[in-house]
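Sequences and hints are given; from them, build the entire structure.
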Amino acid sequence: MIQGICFDLDGVLVQTDNLHYLAWKGLADRLGIPFDRAQGDRCRGISRMESLEIVLEHTDHIYSAEEKERFAQEKNETYRAMLARLSPSDLPADVLPTLRELRRRGYRLALASGSKNAGLILTRTGLRPLLDAVADGTCITRSKPDPEIFLTAAQMLDLSPQACAAVDDAVAGVQAGRAAGMVTVGIGDSARRSAGDYNLMCFGQLLDLFLQPDFKSNLRM
Numbered sequence: 018m019i020q021g022i023c024f025d026l027d028g029v030l031v032q033t034d035n036l037h038y039l040a041w042k043g044l045a046d047r048l049g050i051p052f053d054r055a056q057g058d059r060c061r062g063i064s065r066m067e068s069l070e071i072v073l074e075h076t077d078h079i080y081s082a083e084e085k086e087r088f089a090q091e092k093n094e095t096y097r098a099m100l101a102r103l104s105p106s107d108l109p110a111d112v113l114p115t116l117r118e119l120r121r122r123g124y125r126l127a128l129a130s131g132s133k134n135a136g137l138i139l140t141r142t143g144l145r146p147l148l149d150a151v152a153d154g155t156c157i158t159r160s161k162p163d164p165e166i167f168l169t170a171a172q173m174l175d176l177s178p179q180a181c182a183a184v185d186d187a188v189a190g191v192q193a194g195r196a197a198g199m200v201t202v203g204i205g206d207s208a209r210r211s212a213g214d215y216n217l218m219c220f221g222q223l224l225d226l227f228l229q230p231d232f233k234s235n236l237r238m
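Counting in the working numbering, the sequence shown runs from 18 upward without gaps.
Derived by calculation from the structure, the hints in this document are not laboratory data. No experiment lies behind these values; they were computed from the predicted model shown. C-beta atoms are modelled at their ideal positions from N, C-alpha and C, and glycine is treated no differently. Treat each hint with caution, since some may be false.
[Unchecked claim] Label pairs and their computed distance ranges (CB to CB): (1) E86 - G221: 39 to 45 angstroms; (2) G136 - Q179: 27 to 33 angstroms; (3) D225 - H78: 48 to 54 angstroms; (4) R120 - L48: 41 to 47 angstroms; (5) D77 - D53: 15 to 21 angstroms; (6) E94 - D53: 21 to 27 angstroms; (7) C219 - G143: 16 to 22 angstroms; (8) Q32 - S81: 32 to 38 angstroms; (9) M66 - D225: 35 to 41 angstroms; (10) Q172 - R54: 21 to 27 angstroms.
[To be verified] Derived pair list, reagent style DSS-like, types lysine-lysine, alpha-carbon separation capped at 30 angstroms: (11) K42 - K85; (12) K133 - K42; (13) K133 - K85.
As structure tokens, this is what we get:
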């Protein structure tokens, strides 16, 4: 029986993907490198340095490791400045009522995000009190699709991974949840790719899914 639910952050609880894109786009424009939405979508669910390599793939210039670190820091500072303007009103309308109802039903809820900015986002949006545990980029050494973040979240909930569901909008995130041994729920982009054991188009549909007493037995094989 599923007792815990582990959520990705960007693209699931909050819609900050466009802010990531704009921050990377700003860096690419300054460097004179083409960068489009399709590349931005490929940055979903992976680490900052992996995303930077996608940004730099259309340049012949060879940058040093020190320069790449500075670029990543520049992007993060731009992104954090955007995050500082977030408020609870920026949350999708179905997120808060869905989390509250899941808690009322007795599910333990955790964040499982590789973002090192998760603390700021949770504070600005008022989400932190609704989560029993927060596993973020400061807790791990390996990014998705490695299962470390989901395993860490389950441990923080004091549950086995098999007693948890992983909810993620990125294919890499769904792969990480599956590798952790969790039931996987795709939302948004990962749902459109049928990546999860269950695939939903909006966050509020989680209530219908977890209301099914036998939903785990209906897994797509």
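Do the hints match the structure? See the list:
| no. | hint | in the structure |
| --- | --- | --- |
| 1 | E86 - G221: 39 to 45 angstroms | holds (40 angstroms) |
| 2 | G136 - Q179: 27 to 33 angstroms | holds (28 angstroms) |
| 3 | D225 - H78: 48 to 54 angstroms | holds (50 angstroms) |
| 4 | R120 - L48: 41 to 47 angstroms | holds (45 angstroms) |
| 5 | D77 - D53: 15 to 21 angstroms | holds (18 angstroms) |
| 6 | E94 - D53: 21 to 27 angstroms | holds (23 angstroms) |
| 7 | C219 - G143: 16 to 22 angstroms | holds (20 angstroms) |
| 8 | Q32 - S81: 32 to 38 angstroms | holds (35 angstroms) |
| 9 | M66 - D225: 35 to 41 angstroms | holds (38 angstroms) |
| 10 | Q172 - R54: 21 to 27 angstroms | violated (36 angstroms) |
| 11 | K42 - K85 | holds (15 angstroms) |
| 12 | K133 - K42 | holds (20 angstroms) |
| 13 | K133 - K85 | holds (18 angstroms) |
Hint check: a violation occurs at hint 10 only; the rest are consistent with the structure.
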